[in-house]
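S.K.: Here the protein sequences line up with chains A and B, keeping their order.
Using the working numbering, the first residue of the first sequence is number 286, and each one after it goes up by one.
Using the working numbering, the first residue of the second sequence is number 286, and each one after it goes up by one.
Since the hints were made in silico from the structure, they are not lab data.
This one's a predicted model, so the numbers in the text were calculated from it and none came from an experiment.
A portion of the hints provided could be inaccurate.
A pair holds if it fits inside one copy or across any two, identical chains being indistinguishable in the list.
Said to hold, decoys possible - Keeping only pairs whose Cα atoms sit at most 25 Å apart, straight-line, the calculated DSS-like set for lysine-lysine is:
hint, residue 1, residue 2
1, 377, 568
2, 578, 465
3, 482, 333
4, 287, 520
5, 465, 528
6, 520, 568
7, 333, 287
8, 377, 578
9, 578, 436
10, 313, 465
11, 348, 333
12, 482, 520
13, 465, 525
14, 436, 413
15, 340, 325
16, 520, 436
17, 500, 520
2 protein chains.
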Amino acid sequence: MKYYVGIDLGGTNIVAGVVNENYEIISKASTKTNCPRPEKEIACDMAKMAVEAVKKAGLDMEKDVEWVGIGTPGIANSSTGVIEYSNNLGFKNTPMVEYIQEYINKPVFIENDANAAAYGEYVAGAAKGAENAVCITLGTGVGGGIIIGGKIYAGSNFGGAEIGHTVIEVDGAQCSCGRKGCFEAYSSATGLIRMTKEAIALHPDCIMDNMSKDKGKVTARTSFDSMRAGDPFAKEVVDKYIKYLACGITNVINIFQPDILCIGGGVCNEGDPLLLPVKALVKGEVYTRNSQKNTEIVIAKLGNDAGIIGAAFLGRANS
Amino acid sequence: MKYYVGIDLGGTNIVAGVVNENYEIISKASTKTNCPRPEKEIACDMAKMAVEAVKKAGLDMEKDVEWVGIGTPGIANSSTGVIEYSNNLGFKNTPMVEYIQEYINKPVFIENDANAAAYGEYVAGAAKGAENAVCITLGTGVGGGIIIGGKIYAGSNFGGAEIGHTVIEVDGAQCSCGRKGCFEAYSSATGLIRMTKEAIALHPDCIMDNMSKDKGKVTARTSFDSMRAGDPFAKEVVDKYIKYLACGITNVINIFQPDILCIGGGVCNEGDPLLLPVKALVKGEVYTRNSQKNTEIVIAKLGNDAGIIGAAFLGRANS
Chain A
286 MKYYVGIDLG GTNIVAGVVN ENYEIISKAS TKTNCPRPEK EIACDMAKMA
336 VEAVKKAGLD MEKDVEWVGI GTPGIANSST GVIEYSNNLG FKNTPMVEYI
386 QEYINKPVFI ENDANAAAYG EYVAGAAKGA ENAVCITLGT GVGGGIIIGG
436 KIYAGSNFGG AEIGHTVIEV DGAQCSCGRK GCFEAYSSAT GLIRMTKEAI
486 ALHPDCIMDN MSKDKGKVTA RTSFDSMRAG DPFAKEVVDK YIKYLACGIT
536 NVINIFQPDI LCIGGGVCNE GDPLLLPVKA LVKGEVYTRN SQKNTEIVIA
586 KLGNDAGIIG AAFLGRANS
Chain B
286 MKYYVGIDLG GTNIVAGVVN ENYEIISKAS TKTNCPRPEK EIACDMAKMA
336 VEAVKKAGLD MEKDVEWVGI GTPGIANSST GVIEYSNNLG FKNTPMVEYI
386 QEYINKPVFI ENDANAAAYG EYVAGAAKGA ENAVCITLGT GVGGGIIIGG
436 KIYAGSNFGG AEIGHTVIEV DGAQCSCGRK GCFEAYSSAT GLIRMTKEAI
486 ALHPDCIMDN MSKDKGKVTA RTSFDSMRAG DPFAKEVVDK YIKYLACGIT
536 NVINIFQPDI LCIGGGVCNE GDPLLLPVKA LVKGEVYTRN SQKNTEIVIA
586 KLGNDAGIIG AAFLGRANS
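Here chain A stands alone, though its shape is the one from the complex (with noise of 0.2 Å):
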């Protein structure tokens, strides 16, 4: 059996994990990031716990593991093993696998964290088996992830695959990136929350505003739940929310006509009622609806181990 440790360097935690040559991940450590800190202090946090992660496998790091790969936000080129910049960290060409090296002698390889899990997810989730695959993930933001022939794609500059950062509508709702009107606004859970406030704002006293003051805040969930207990502004925010995501897919689709589109995140846990209605309208609007072949739309099935995994079998992404 051959191992595997992928490190998922985000902005609240480090997790390191062992991943056999089944996909698997037999065991994992964790510290937080603590940011702001010098990026050498977080370095040897990362290279401790993949260490950690080892010891707890019952492994060897010299003798069993194969390499190690690293995910982490911002732009991360893959070549030199740089971390050209991350807004979250506060990292600026930070040379990470440099420094991972000098606590692991081992292979190390460095990727954009969405791309990882994207990764992940073609590897051993919901986008395995495909030849091209497209991964979005509905957090915060609306992050992109692009396998095209089995391998990675981010770009020649390492900053692709911003697929959350395309303008669905001009002049639109502004967008943390400084444009107005991109996919992200609309089909983040941010972007869900705020077009929820909005019709609660128009509509004080709806089962959304009672809902949201009982849980002390509005959620990504408040529509979702107010729609499925009779409220029919509640179903105008899900339907637009449906019908924006909708057409992000479409975009995408139309673009990249991959084997599979892969949808992740919080907000996907919603199931059938958010997929089949997406599922039809992408249906009746993508240029090939007269094709035999069309593009797979699957709910990602990893979850946060995703980014994992993906980190994990870097070594793979780009060989």
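Place chain B on chain A using the hints.
M.R.: What follows is chain B alone, placed relative to chain A:
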């Protein structure tokens, strides 16, 4: 010297060209497509034009030509050699490679015409030297072609790269594809003419109105020419055109981060008055605006020859 035949199969004309290994077209032969008529007749004329072009070049098909490549409208399955669907030509599951090989005993390759033209710009034109490139053609529609790692990316069902059919304004202008608000509905020559007509309707007797009456019709040049003649309403049309074009281009760059983004088509003859403001808007909006390396936006170089040159080198495009 090695020679290759490229055939550009269009709705109006069939053009075959002999291209040498320096990417120069050394002879051409053409005839009308005369649609609609039986697909085998069209294939026969395509083969005839190939033979004629080779003869004109003073070459021998058997001895001197490496292969024949075809660029066609619609969905071309480059693996099977079948044109699966072409609305323009009325083709459905047409085994074009087989048909051509009844006349010409050479390897024959087939590809969507926009993809072939993009490949032409990549091997010999404005995208030469790129690892990753995206080409956008602003014509009757907005065509797209994607080159990744030096290969054409056509998607898993050969229907991809329909960049023109990505919505940039939800519920916007009606597109020919059935969607509303597509990039094509704003950034094609057709879209520019529509916006010009809308402005003329609002401002009868403006310079655009008079200029188009003099010419007998509104063209894609009317707004640019009238702007230069001092029409403030024409400037509004041009500004809007540039805004939507920059939006679509920024979307493409945020996804692909290619080395080169190449724009072609008649509208690009406007040159700097179009290109410079587009570049400025993209520069201010693109996700990687703080990165050292950003996509270079260039004007296509090969014009209508791109399709022939790209088709001629298809033997390399998918190998």
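S.K.: First find the shortest C-alpha distance between residue 377 and residue 568 inside one copy, then the shortest across copies, and answer within, between, both or neither for a cut-off of 25 Å.
M.R.: between (43 Å within a copy, 21 Å between copies)
S.K.: When no copy is named, should residue 313 and residue 465 be tagged within, between, both, or neither for a Cα gap of at most 25 Å?
M.R.: Neither: 40 Å inside a chain and 48 Å across chains, both beyond 25 Å.
S.K.: As a check of your reading, is residue 482 near residue 333 (CA-CA no more than 25 Å) within one copy, between copies, both or neither?
M.R.: Neither: 43 Å inside a chain and 66 Å across chains, both beyond 25 Å.
S.K.: Tell me, please, which holds for residue 465 and residue 525 at an alpha-carbon limit of 25 Å: within, between, both or neither?
M.R.: both (17 Å within a copy, 15 Å between copies)
S.K.: 25 Å Cα cut-off: does residue 482 pair with residue 520 within a copy, between copies, both or neither?
M.R.: within (14 Å within a copy, 39 Å between copies)
S.K.: First find the shortest C-alpha distance between residue 578 and residue 436 inside one copy, then the shortest across copies, and answer within, between, both or neither for a cut-off of 25 Å.
M.R.: both (22 Å within a copy, 22 Å between copies)
S.K.: Are the CA atoms of residue 333 and residue 287 at most 25 Å apart within a copy, between copies, both, or neither?
M.R.: Within one copy only: 21 Å inside a chain, 59 Å across chains, cut-off 25 Å.
S.K.: 25 Å Cα cut-off: does residue 377 pair with residue 578 within a copy, between copies, both or neither?
M.R.: Answer is between; shortest inter-copy Cα gap is 14 Å, intra-copy 44 Å.
S.K.: First find the shortest C-alpha distance between residue 436 and residue 413 inside one copy, then the shortest across copies, and answer within, between, both or neither for a cut-off of 25 Å.
M.R.: Both: 13 Å inside a copy, 23 Å across copies.
S.K.: For residue 340 vs residue 325, is the C-alpha pair at or below 25 Å within one copy, between two copies, both, or neither?
M.R.: within (22 Å within a copy, 69 Å between copies)
S.K.: Given a CA cutoff of 25 Å, do residue 287 and residue 520 count as a within-copy pair, a between-copy pair, both, or neither?
M.R.: neither (50 Å within a copy, 65 Å between copies)
S.K.: Could you place residue 578 and residue 465 in one of the four classes (within, between, both, neither) given a Cα distance threshold of 25 Å?
M.R.: For residue 578 and residue 465, only the inter-copy Cα distance (24 Å) is at most 25 Å; the intra-copy one is 34 Å.
Checked against the numbered hints above, the structure violates hints 3, 4, 10 and 16; every other hint is satisfied.
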